[in-house]
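Build out the structure end to end from the sequences listed, making use of the hints.
4 protein chains.
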Amino acid sequence: MTKKIAIIGASGYTGAELIRLIASHPGMEVAALAANSKAGQSMASVFPFLRHLDLPDLVIWEQIDFARIDLCFCALPHKTSQEVISQLPAEMKIVDLSADFRLRDPADYKNWYGNDHAAVEMQQEAVYGLTEFYRDRIAGARLVAGTGCNAATGQYSLRPLIQAGVIGLDDIILDMKCAVSGAGRSLKENLLHAELSEGYNAYAVGGQHRHLGEFDQEFSALAGRPVRVQFTPHLIPANRGILSTGYVSGDAKAVHETMLRAYADEPFIEVLPFGETPSTHHVRGSNFVHLGVTGDRIEGRAIVVAALDNLCKGSSGQAVQNANLMLGLPETQGLMAAPLFP
Amino acid sequence: MTKKIAIIGASGYTGAELIRLIASHPGMEVAALAANSKAGQSMASVFPFLRHLDLPDLVIWEQIDFARIDLCFCALPHKTSQEVISQLPAEMKIVDLSADFRLRDPADYKNWYGNDHAAVEMQQEAVYGLTEFYRDRIAGARLVAGTGCNAATGQYSLRPLIQAGVIGLDDIILDMKCAVSGAGRSLKENLLHAELSEGYNAYAVGGQHRHLGEFDQEFSALAGRPVRVQFTPHLIPANRGILSTGYVSGDAKAVHETMLRAYADEPFIEVLPFGETPSTHHVRGSNFVHLGVTGDRIEGRAIVVAALDNLCKGSSGQAVQNANLMLGLPETQGLMAAPLFP
Amino acid sequence: MTKKIAIIGASGYTGAELIRLIASHPGMEVAALAANSKAGQSMASVFPFLRHLDLPDLVIWEQIDFARIDLCFCALPHKTSQEVISQLPAEMKIVDLSADFRLRDPADYKNWYGNDHAAVEMQQEAVYGLTEFYRDRIAGARLVAGTGCNAATGQYSLRPLIQAGVIGLDDIILDMKCAVSGAGRSLKENLLHAELSEGYNAYAVGGQHRHLGEFDQEFSALAGRPVRVQFTPHLIPANRGILSTGYVSGDAKAVHETMLRAYADEPFIEVLPFGETPSTHHVRGSNFVHLGVTGDRIEGRAIVVAALDNLCKGSSGQAVQNANLMLGLPETQGLMAAPLFP
Amino acid sequence: MTKKIAIIGASGYTGAELIRLIASHPGMEVAALAANSKAGQSMASVFPFLRHLDLPDLVIWEQIDFARIDLCFCALPHKTSQEVISQLPAEMKIVDLSADFRLRDPADYKNWYGNDHAAVEMQQEAVYGLTEFYRDRIAGARLVAGTGCNAATGQYSLRPLIQAGVIGLDDIILDMKCAVSGAGRSLKENLLHAELSEGYNAYAVGGQHRHLGEFDQEFSALAGRPVRVQFTPHLIPANRGILSTGYVSGDAKAVHETMLRAYADEPFIEVLPFGETPSTHHVRGSNFVHLGVTGDRIEGRAIVVAALDNLCKGSSGQAVQNANLMLGLPETQGLMAAPLFP
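So the sequence lines, in the order shown, correspond to chains A, B, C and D. To convert, count from 1 in the first sequence and add 20; that's my numbering. To convert, count from 1 in the second sequence and add 20; that's my numbering. To convert, count from 1 in the third sequence and add 20; that's my numbering. To convert, count from 1 in the fourth sequence and add 20; that's my numbering.
FYI, nobody ran anything at the bench for these hints, they're computed from the structure. Where hints are given, some of them may not hold.
Pairs count within a copy or across copies, as identical chains cannot be separated in the list.
In the SDA-like style, the derived pairs of lysine to any residue whose C-alpha atoms are separated by at most 25 Å in a straight line are [to be verified]:
| # | residue 1 | residue 2 |
| --- | --- | --- |
| 1 | K208 | S65 |
| 2 | K130 | A64 |
| 3 | K208 | S57 |
| 4 | K208 | E296 |
| 5 | K99 | W132 |
| 6 | K130 | I318 |
Dropping the structure here:
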């Protein structure tokens, strides 16, 4: 029997991506779609690329009959998400795609997001959704917090290296190149085609990006001591993709071997031969991560490049992967479609 | 049992698209891949986006053991295709993606392609691969000729209208906007990113494009009299998509109703409500066609806009759809994935 | 002595383009910049690409001391423009870039724009700003109405042909491909990079686009009888450029010769050799128009393709060209910079 | 009297950019254009965007009458350049845009470029063309070596800081994002629109890029000790622009003040207010450099971001600036045009 899925926040890009994935998923079906600002509209009008599907119209989330829902994805803006989720039925399985449950420490949350958390107990309960590293806990969780898309990319690059102790912890730099869909469907001048196409820029420079909260939490926990990385995101004129160029100290060959070993059995993670580097072209629209390791001419320095699709593996694909675990379905189900190229 | 598939010409975009589609197809598996210029290479090196798949290395086509192949896709350049296909085993089921078997009349072929056909009997035998209109004959065919991508787009716009007699036949104009992957992976100056991005232009203006041969053949057969349309393709800075804006004389409402009726049961063809127009954004990476009909302020004039993905529905998706029929599989199998947006 | 220029509506793309052009213009200098919604801001913050220039800060237009201004460009939205312009000093020379003074007939204006005109006498006084065809009247005008960018492109394609009587008047089709800056800097979902990049679509199909009002007015006046063309704009994923593909009946060679003759002495208009077609790539950022004429395989049909930069020749470049005439400066001054390629 | 200019290698992008700039330059005129592979062709056919100019046809360089040439730009591939330049008249003023005369040490040259230098004495004679730092020597030079475009970008970011001693020398990282025109007009698969658009990747990772030779030479000379930086270029789907994100140790405020002081009188270099970051959008098509400095949350770390147009300030604009000095013209002549935005 297919699992009945509800999506709250279905009118944004991550909501649409969830529907796209579930439409090809043999174990799930879309049972309810909510988007309060567009309630009453059909998905064909909100997202004409989904026109061929037989989908329920958008409702306000309070109208959903949760009794017949097996799992609920929340793709709401942060802060709104915690307010809605705290009102959902107590037993409802939830995968949240917002930032609201990623940080475990209420003080950290307030530090990065500026407000007190409105659902602190749920914050404690939530399992961090980086599947490959929290698999077992996710399988038993009620509430899973999807990671930041940049946070996921950086962690795929660094977690095995920190864990294995093959890199220095005090001089890590993550320079990321991010496609524009990561900014969502919001109407901002700098997201207009005429402002973005044919140019690119850094933003949130110098340690301001909120995904640093996740890096701090996760890398410090792994290392057993505080770890603070430098992270600079850049806005690139493309629609999907994150490319992370990581600069670390350590033996490049040891770094590469650690990567190969760590990800040997992972269905979605491809570690390239030593010296090759990935491209966002080659993961677009898919749940795959490509990782490349290269040595520098400066001895003792390595470069770790990671590529993934921010909307899929960085967000909605990860969410479906987690939902598979939570629902007892095969982890890769509905997620093995090849990337779209060109 | 899954059907064993060979692809000859696997190093181009249509070859890669075939592999992408078959990778998610429950009834097919890739058994052999040939590309004479890149024989010996792995698909991971030729198309890194397919790296996660367990694919055979490229060979020269003569090395394929056709005895264990159920169906062969040929994605070779025209002229090469007829030479290779005429040497394949006589019983081999073949879907050809080249231009070689689209035109039934050897004189037409020579007129448009400049050379005598090297396999005239096979030219006669081949079934034209526009699935929705040749479904029964394709199911029984040994050799199916994939249509031109522009030719498909224009025919989806016009065939039902010509058949129903609701439009004039002597003043049809098809103005098409074509993404660059239609030109293939060939190294030409005008296909460089720096030459193409941020600009656009018409080409093959005035009746020079070879897909006109298909329009002439098919529309004339339908009408029972010679039909000659005007067709101007334009090269647009995008990777996938064809948008055809068709200008016809006729009653717009009657045109729309004819469309609705003709495509009511077609799984891949969506006729939009009257007055709405499609976008290539909404079919990218999919096997769907979106069709829109609008009336003009000038009475008796209608505009028919069609959008499809040239590499998928316009080429490799169509080929898989035809192969499904030829192999006795469900026609839509492996082809229902939603478009990629954004 | 350089002429003192004011720009009202300086925070949009046409305003910025005016400043870009005037910055290299030996006969003009920017003396005042107004943008009521961003008054108080520096141009470096509103348009960082102008950061190197020593420009006045933005004010509200009422703060401009018009006594020291030689000419005023109005780059306001339509309707706002007529309200502001009717309050400017009576002798002020004005080039208006909005739609407000393009149509001479108040009924036509109301028909296309939906409201009564608030300054009907000025509407009568205004000279239509298609420089090459209204040169003498523009030189003596106080108020010049910049044309629509699509309207300019179509008129460059057709005016000499209608005047010379070498084409039919009842079956003209203009299929245009328009870059996104034509839609301005407004925050609309369909103008986001993620929605526009990699796809394209028709809009305002079937005779709804307001620039048709200009075609009707101008072509009918030229022909001495009502002329109604079909015109379909398409939104293309590029920032600058309009490509118009015109379908006409007539002898293609005669069409080409008429073009050559008509534009022989025009400094900004390049008629290509017969059979060649222009590209928006080759006029980007410039005041040039490229025109190509090709015959069709169907006898008696010709295709006229025109390319220009919508922001420059289609709007702000035209405005400066007209201002040159109004101020007694050489017509081409400040406008001869080559296009930017690639 | 305008200076007579010859361009050898006029059929590539830097050659075309030279012509574009000279076309608006009051002190120079194009007297001869050479491109051996396209000799005999008109520039209108090789670069239709230059169609409006009255330019000489392409010849082979041996046909140029150098007696009437005041200065010669060489825009040839490296290695070819040294062969041609060593055959030019001994007194001819030359600005070379290739890599051939950038490195002063023959061993360094061989190390990075793989071959012995064919004109070692000229290599010694050549002045490194980073105008702002070699201004006096360039004014008196016969042969000036244009810098690498990445090399220029990195040096604008770092030279004042190294000179002032405000940053550490052993942990400098330059992560650059490079538009595709930097790769020239060569026909390579990865430069096709279909392969590049909508994706991005690192290349020459780990200290392989030849512009490192320039960094080593220049930074070491400045510091008076060997300096080796890490440098990773990335290919971005845009046509023009380099964005360099530099990671350095040092006090961010001191870094910013050093920048402000160093560039206070430079006409082409804009240092942004502390904490602001530049964008390639805002320098496109111009000779301007935008520089931004930001502090990191990690004390003692600063981020220096630089943006310029690789074809203009990074190559042909720099060449014209140097030629101005060599010819006794005002340094900024012909180079003050504002960027093109959007």
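- Tell me, which hint numbers fail for this structure? 2
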